[in-house]
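Q: Residue strings, one per chain:
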Amino acid sequence: MATIWVFVQEEAGDPTTIGLELLAAGRRLGEVTALYLGAGSESAFATLGEHGAGSVLHLDAGNRLPSGPVAAALAERISAGAPDLIIFGQAYTDRDVAGRLAARLGVGVLSNAIAVRLANGAVETDHEILGGAQVATATMGQGPFIVLIRPKSYPAEAVGGTAPSVEKLDLPQVGRSEATVIESHVEEREGPQLGEAAVVVSGGRGLGSPEAYELVEKLGKKLGAATGATRAIVDAGWVPYAKQVGQTGKTVKPDVYIACGISGAMQHLVGMKDAKTIIAINKDPDAPIFSIADLGVVGDVHKVLPKLIEALESR
Amino acid sequence: MKVVVCVKQIPDPATPYRLETGTNWLLRPDDQVLDDTDRYGVEMGLQLAQASEGTLTLVSMGPAGNGQGIRQALAMGADQAILIEDDSLRGSDALATAQVLAAAIKREGFDLVIAGNESTDGYSGVLPQMLSELLDVPALTYATKVEAGDGKVKIHRQTAAGYDVVEASLPAVVAVTAGVVEPRYPTFKGIMEAKKKTVEILSVSDLGVERGPGQTVASITDAPERSGGRKIEDDGESHLAIVALLEQRKVI
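Line by line, the protein sequences give chains A and B. If you're matching positions, the first sequence starts at 1 in my numbering and goes up one per residue. If you're matching positions, the second sequence starts at 316 in my numbering and goes up one per residue.
Hints were generated in silico from the structure; no laboratory data involved. No residue lacks a Cβ here, since even glycine has one placed at the ideal position from N, Cα and C. Possibly wrong hints are sitting among the right ones.
Quick partial rundown of chain A residues pointing at chain B, CB under 7 Å, derived from the structure [unchecked claim]:
| # | residue |
| --- | --- |
| 1 | Ile78 |
| 2 | Ser79 |
| 3 | Gly81 |
| 4 | Gln134 |
| 5 | Pro144 |
| 6 | Pro151 |
| 7 | Phe290 |
| 8 | Leu295 |
| 9 | Val297 |
| 10 | Lys307 |
Pulled from the structure, derived: some chain A residues nowhere near chain B, Cβ distances all over 10 Å [as the list claims (entries may be wrong)]:
| # | residue |
| --- | --- |
| 11 | Leu29 |
| 12 | Ala39 |
| 13 | Ala46 |
| 14 | Ser55 |
| 15 | Asp60 |
| 16 | Ala133 |
| 17 | Glu187 |
| 18 | Pro192 |
| 19 | Glu196 |
| 20 | Pro210 |
| 21 | Ala265 |
| 22 | Lys276 |
| 23 | Lys303 |
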């Protein structure tokens, strides 16, 4: 049976959702050891077990920036016995650890995967390219295979596993690769969160000005929706990065996605094309967003949105 | 402070990308542009180099083409550029790229290496981290704010919950988020000066790097197509169609 390592990070005392999704991916392929980064607790380890981890390697970096020390510890462990596959998420710290570990081991990574398979000792991954219009299947020559999987590619699922065995792994000093986390800031979260909301309303360049994003917020509030944005208006500084939907932002799969003034650049489509229902409002009748929208309104967001908001208010 | 900024020339994202038959590698036309993400790295590098009366060197790997993308970064104010161009590097994955860039950066020497978090065309999203491991320095990633001086660098590192303040001693690698600073537009003077700046072209043998086995794109298939539905012209009443659909989907 293949041995699979799955990287899971802790957030606010629990394993992250993406970490649990990765366990679901790993469980299908072999025997899973969770690489758990965080303070750790009985309940956190139990959750890992319920999601299919048979054992846990516990990594606690404290206030050290984890990437350097964790990569060093894992590489050392691998020299004593390598797994067939190491799964990370396409997420901040995952990318840091995966990149450093791969370079240390001298192996490549397959990143942005939406599916991973093992067959005859080789790895195979699927990747969406050209905004999801096509799927590329990639392979890699030399293990241990390191794969980074996009959020929401596998549904997290408790399968009722028992409490895993836990081993704490020492994190070595890494000399001039050390860095220290001096402070952590948690930003206030208001309303439904992008990753989880049933309805998402997003705005793009077609809004014309940062002030017009207020229309997106008003509509979002009316519908109890989370609000999102394209990379273009995030880069322009209209809204914070946390709202970015797309290849380099968040992946969302809501029941309804309302795209306001969004043309549908590939970078954006990758992050939202799997919404159950897509509604798009855009001035340009040839905008690519219309090719995937269930309802496309060719019109000016500044005219359509106020009327839509008013109609919802009068209900 | 000696600042090195990694930049990449990419096919204009506004044009459709094409893949080479057989290898499935991205075809790179002669005419490429500076990856928009890199403008933020160059601007950050310029600010830090200028504040410390240091220098800024660009390092890039890939086919030179007409070099327009590199000139764009030089026109912003970078002092010089090193470009590694070699036929044997075609189809390089992130690790091969990091190995080549690390060799060029070591040869040049550095206090601070700046890169974007990910490129727009390849977006593997692990290059700065690989680079840091090969250079044995910390990787301060997803930076939304950067301060450097007195042998130290401090950043705001974007997290899922907010941000962390992270500090390390120099030398270091910093990967910046778009929006970390407002990139300047090249001035006419900058564009003229860029034409005279040195662009050193190196090959793999100049750096003594060997390519390991990378990844292979085995096949490309069409994704199950999601077809568009109804498209209507706004006649002043189109919002009613949206309301009706929202009702049907039980959102309201």
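Q: Next step is simple, just say for each hint if it's right about the structure.
A: Against the structure, the hints come out as follows:
1. This hint is violated: Ile78 (chain A) has a C-beta 14 Å from the nearest C-beta of chain B, more than the 7 Å allowed.
2. Hint on Ser79 (chain A) is violated. Least Cβ distance to chain B is approximately 16 Å, over the 7 Å limit.
3. The criterion of a C-beta within 7 Å of any C-beta in chain B is not met by Gly81 (chain A), whose closest approach is roughly 22 Å, and the hint is violated.
4. Annotation: Gln134 (chain A) was flagged as interfacial toward chain B, and the flag holds, the nearest CB pair being 5 Å apart, inside 7 Å.
5. A least Cβ separation of about 14 Å between Pro144 (chain A) and chain B goes past the 7 Å threshold, and the interface hint is therefore violated.
6. A hinted interface residue such as Pro151 (chain A) counts as satisfied when its beta carbon comes closer than 7 Å to some beta carbon of chain B; here the least separation is about 10 Å, so the hint is violated.
7. Here the hint on Phe290 (chain A) is kept, as its CB sits about 6 Å from the closest CB of chain B, short of 7 Å.
8. Restraint check, Leu295 (chain A) versus chain B: the minimum CB separation of about 5 Å is within 7 Å; hint holds.
9. Checking Val297 (chain A) against chain B by beta carbon gives a least distance of about 5 Å; that is within 7 Å, so the hint holds.
10. At its closest, the beta carbon of Lys307 (chain A) sits 4 Å from a beta carbon of chain B; the interface hint therefore holds under the 7 Å criterion.
11. Chain B leaves Leu29 (chain A) outside its interface by the beta-carbon criterion, the shortest separation being 18 Å against a cut-off of 10 Å.
12. Taking the minimum C-beta to C-beta distance to chain B, about 15 Å, the non-interface status of Ala39 (chain A) holds against the 10 Å cut.
13. No Cβ of chain B approaches the Cβ of Ala46 (chain A) within 10 Å, the least distance being about 22 Å, so the stated non-interface status holds.
14. No beta-carbon of chain B is positioned within 10 Å of the beta-carbon of Ser55 (chain A); the least distance is around 26 Å.
15. With a least beta-carbon separation of about 16 Å from chain B, Asp60 (chain A) lies farther than 10 Å from that chain, consistent with its non-interface assignment.
16. Against the 10 Å criterion, Ala133 (chain A) falls within the reach of chain B, whose nearest CB is about 6 Å from its own CB.
17. Against chain B, the non-interface label of Glu187 (chain A) is violated: not every CB pair exceeds 10 Å, the least being about 4 Å.
18. Even its closest Cβ contact with chain B, about 12 Å, leaves Pro192 (chain A) beyond 10 Å, as expected for a residue assigned away from the interface.
19. In this structure Glu196 (chain A) is separated from chain B by more than 10 Å, as the shortest Cβ-Cβ distance comes to about 13 Å.
20. With a minimum CB-CB distance of about 13 Å to chain B, Pro210 (chain A) clears the 10 Å threshold, and the non-interface call stands.
21. With a closest Cβ-Cβ approach of about 8 Å to chain B, Ala265 (chain A) is found to fall inside the 10 Å limit, against its non-interface label.
22. The Cβ of Lys276 (chain A) sits about 8 Å from the closest Cβ of chain B, inside the 10 Å cut-off, so the non-interface label is violated.
23. Not every CB of chain B lies more than 10 Å from the CB of Lys303 (chain A), the least distance being 7 Å, so the non-interface label is violated.
Checked against the numbered hints listed earlier, the structure breaks hints 1, 2, 3, 5, 6, 16, 17, 21, 22, 23; every other hint is satisfied.
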